[in-house]
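**Student:** Each chain, letter by letter, is given below.
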Amino acid sequence: MTKIQITACIDGSAISGAVCDTAAWASKTLAAPLTFLHVLEETHSVAREDLSGAIGLGSREYLLDELMLLDERRNKLALEHGARLLESARRRAQSAGATVVDSEQRHGGLLEAVSAYEDKTRLFVIGRQGEGHGLQKPAIGSHVENMVRGLHTPILMATGKFSVPGNYMLAYDGSKTADDALERIANSPLLAGIPGHLVMVGNDTAENRQRLEQRQALLSDKGHQVESHLLSGNVIDCLMNFRERFQIELIVMGAYGHSRIREFIVGSNTTKMLAMSSVPVLILR
Amino acid sequence: MIERIKQDWFSNIRGDLLAGTVVALALVPEAIAFSIIAGVDPKVGLYASFSIAVIIAFVGGRPGMISAATGAMALLMVTLVKEHGLEYLLAATLLTGVIQIAAGFLKLGNLMRFVSRSVVTGFVNALAILIFMAQLPELTDVTWHVYAMTAAGLGIIYLFPLIPAIGKTVPSPLVCIVVLTAVAMGLGLDIRTVGDMGELPDTLPVFLWPDVPLNLTTLQIILPYSVGLAAVGLLESMMTATIVDELTDTKSDKNRECKGQGIANIGAGLLGGMAGCAMIGQSIINVKSGGRKRLSTLTAGVFLLILVVFLDEWLTRIPMAALVAVMIMVSIGTFSWDSLRNLTKYPLSTNIVMVSTVAVVVATHNLALGVFVGVLLAALFFANKIGRFMVVKNEITEEGLRHYRVVGQVFFASADSFMASFDFNEAVDRVTIDLHQAHFWDITSVAALDKVVIKFRRGGTDVSIVGMNEATRTVVDRFGVHDKPEELEKLMAGS
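Note that the protein sequences, when read in sequence, are chains A and B. For the first sequence, counting from 1, position 113 maps to 112 in numbering that gives the first Met the number 0; every step adds exactly one. For the second sequence, counting from 1, position 178 maps to 177 in numbering that gives the first Met the number 0; every step adds exactly one.
If you are wondering where the hints come from, they were derived from the structure by calculation, not from laboratory data. Remember, predicted model here, so these are calculated numbers, not experimental data. Just so you know, even glycine gets a beta-carbon here, dropped at the ideal spot from N, CA and C. Hints should not be assumed to be uniformly reliable.
Cut-off 25 Å, straight-line C-alpha distance, at most; resulting in silico cross-link-like pairs (DMTMM-like, lysine to aspartate or glutamate) [as the list claims (entries may be wrong)]:
(1) Lys450/B x Asp428/B
(2) Lys250/B x Asp172/A
(3) Lys2/A x Glu117/A
(4) Lys167/B x Glu65/A
(5) Lys5/B x Asp101/A
(6) Lys250/B x Glu117/A
(7) Lys2/A x Asp101/A
(8) Lys344/B x Glu60/A
(9) Lys344/B x Asp70/A
(10) Lys167/B x Glu60/A
(11) Lys392/B x Asp433/B
(12) Lys81/B x Asp210/B
(13) Lys119/A x Glu86/A
(14) Lys175/A x Glu86/A
(15) Lys250/B x Glu65/A
(16) Lys250/B x Asp101/A
(17) Lys250/B x Glu86/A
(18) Lys75/A x Asp210/B
(19) Lys392/B x Asp428/B
(20) Lys167/B x Glu117/A
(21) Lys5/B x Glu86/A
(22) Lys81/B x Asp195/B
Just some of the chain A residues that point at chain B, by a computed CB distance under 8 Å [what the hints assert, rightly or not]:
(23) Leu68
(24) Asp70
(25) Glu117
I would like the entire structure built from these sequences, with the hints used as guidance.
**Tutor:** Here is the structure:
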């Protein structure tokens, strides 16, 4: 199956509106069909609290019936709730100009459900925090990191409110992941009409400068309008300062170039960027 | 990975801790009772329950399932303990573990698909009956006090949960044990107590290599027991896993569970415990009390040990009547009462399978034998049913030519009726046998066809067979219909 559609995950949290708008923009720009996905995560009921520890005639059968009834009731409600969410998301996206909007519901873990869509999806749209989070806290939801690690398809992460980005910055660190990300951007129509900044944080050496120039040329050749910048200092601080100074409205970066063990010790730049960014982030793997 | 561990262990902390505690309280009397069945000191069963529960919490394939010393296993050890003693039991336990790990690597857990539902029901019922029968020695040749105590115990267990407010917050088997112990001590009743049955643990278990000579004679003694123990242990564990899967609507890793059971038994053997496996009754209690994840199993094991080591003084005073009451509850809870009602609804063959499984187990005290007989019967009944999906049609198509068309499944169970469908006494010049829509599943069916041909030839009839290649493709063992949907379609159309 070819990867053509855009899949947006919504869960009814405060951020779902932004996810919806972001997805609609991406769908319009890429002229790709948009599918909204609502996942009913498995949470199984615990039967009425009963610590009596006594089992009598037909305990097993009664227990099964009881657990089934509880699950059934809860999941019926969740299904209806999800259907309503999807319906309103659809209408919102359609009025924002998205093409062919579809919606689906699935049972199971989020990552497991989303992975099933991977072979037909060219871009996932997710929100930074799920249900149970407010919008203010600079934290990423429990699923975001797992999704970014588990999927090999570009992910667009919505934060707060959405407005059509007027510019973007591409965080480049010279790694293989970053090169791949850059090439993807060069060949994608998503950011074609928008002015961009190619930003590298590193020592001001001739080698780094030459590299940056090469990459800029690569983007320019494909008709992108980009400026390059070489900054030195702490990666996160530099990128955040740059974002503020140039009023950047979309961040593009590769993700998780290092092993998990290294990140456990020194911390991951990707996770920090995802947590701190106040504008949407496009993550390329 | 970290997410997975979190999910498996800490996603239901409150429920798991509470349920684990309830299970631990129920495990103590059971472990003592099963030690008594096996003929060893209660501490052997208690150490086994502790180590198996703790180890399986980490290595098992079914979170939320409780494993410990069990009655099914204890029943198999009786003669070994009687004839050779405890050390040989520990050695047999180690070997059981090794066999189970091997079974896990050989993916024998997948063989569970051959164990039909009626065999599982028979197994469960037989187990319940055996647990109940094991209590009878405590109830024969005793004073009326014991009967009164047992009846009172059962009354407490089943009526206490009905008391509003506190009824569902305290495990009623525990209430039963505490009350009966207090009554027995208060009245100074001269009835048997746990202390009379053997030694209880007073220390943490210590690492011990079984004191047996490492030679072929030892192996000859323990191997038959170990094979039986391994088989019964895996069977009960797989069945319990299926029950827990069903109750919680989640999946389990059966082969990992096989290996886990093996590792747990090796651990038990090295810590002075007897072999054990998953427990149906306790797992139901765990799920009912809200336990779902690995933490519940771990809590049960750890809390059990704490209880046992610190309360050994008190444990010895528990009257046997209280234990008997708890064990009767376990056997009632394990028995599938629905299966009795279903006897009237289900087909006769299904009922025969279930009842035979129960009968064989009760007669031999060996659950593995019962399951073997059950599976065998179920397979025979099934073969018999499928054998009826065969018909041979015939017609005279032209002068002196009879055309036989075979449709359906030809194999050992239908080979005779296949032979009988041909009229060898009819004197015709030529016969054609059309096999396009038939499937020859084994060598018996091919031989039957050969016989048919020979018989016709002897009568002077020319025989030609068409469609032989298609028909015999199924004889090949690796008949690959799975990866060829169009083959499967043809197969279904032919039958």
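**Student:** Could you run down the list of hints and mark each one as holding or not?
**Tutor:** Verification of the supplied hints:
1. Lys450/B x Asp428/B: holds (18 Å)
2. Lys250/B x Asp172/A: violated (43 Å)
3. Lys2/A x Glu117/A: Holds - the C-alpha atoms of Glu117/A and Lys2/A are around 8 Å apart, at most 25 Å.
4. Lys167/B x Glu65/A: holds (16 Å)
5. Lys5/B x Asp101/A: violated (34 Å)
6. Lys250/B x Glu117/A: It holds: about 23 Å lies between the C-alpha atoms, which stays within 25 Å.
7. Lys2/A x Asp101/A: Judged against 25 Å, a Cα distance of about 16 Å means the pair holds.
8. Lys344/B x Glu60/A: With a Cα-Cα distance of about 17 Å, the restraint between Lys344/B and Glu60/A holds, given a limit of 25 Å.
9. Lys344/B x Asp70/A: Given pair Lys344/B, Asp70/A is violated - Cα atoms ~29 Å apart, limit 25 Å.
10. Lys167/B x Glu60/A: holds (19 Å)
11. Lys392/B x Asp433/B: Measuring from Cα to Cα gives roughly 10 Å; hence the hint holds.
12. Lys81/B x Asp210/B: Roughly 17 Å separates the two Cα atoms, so the pair holds.
13. Lys119/A x Glu86/A: Holds: Lys119/A and Glu86/A sit about 22 Å apart, inside 25 Å.
14. Lys175/A x Glu86/A: violated (41 Å)
15. Lys250/B x Glu65/A: holds (19 Å)
16. Lys250/B x Asp101/A: Violated. Lys250/B to Asp101/A sits at ~31 Å, over the 25 Å cutoff.
17. Lys250/B x Glu86/A: violated (32 Å)
18. Lys75/A x Asp210/B: Violated - the C-alpha atoms of Asp210/B and Lys75/A are around 60 Å apart, more than 25 Å.
19. Lys392/B x Asp428/B: Satisfied, since the Cα-Cα distance of roughly 18 Å is no more than 25 Å.
20. Lys167/B x Glu117/A: At roughly 48 Å apart (the allowed maximum being 25 Å), Glu117/A and Lys167/B break the hint.
21. Lys5/B x Glu86/A: violated (34 Å)
22. Lys81/B x Asp195/B: holds (18 Å)
23. Leu68: It is violated, given that the least Cβ distance between Leu68/A and chain B is near 12 Å, above 8 Å.
24. Asp70: holds (7 Å)
25. Glu117: violated (18 Å)
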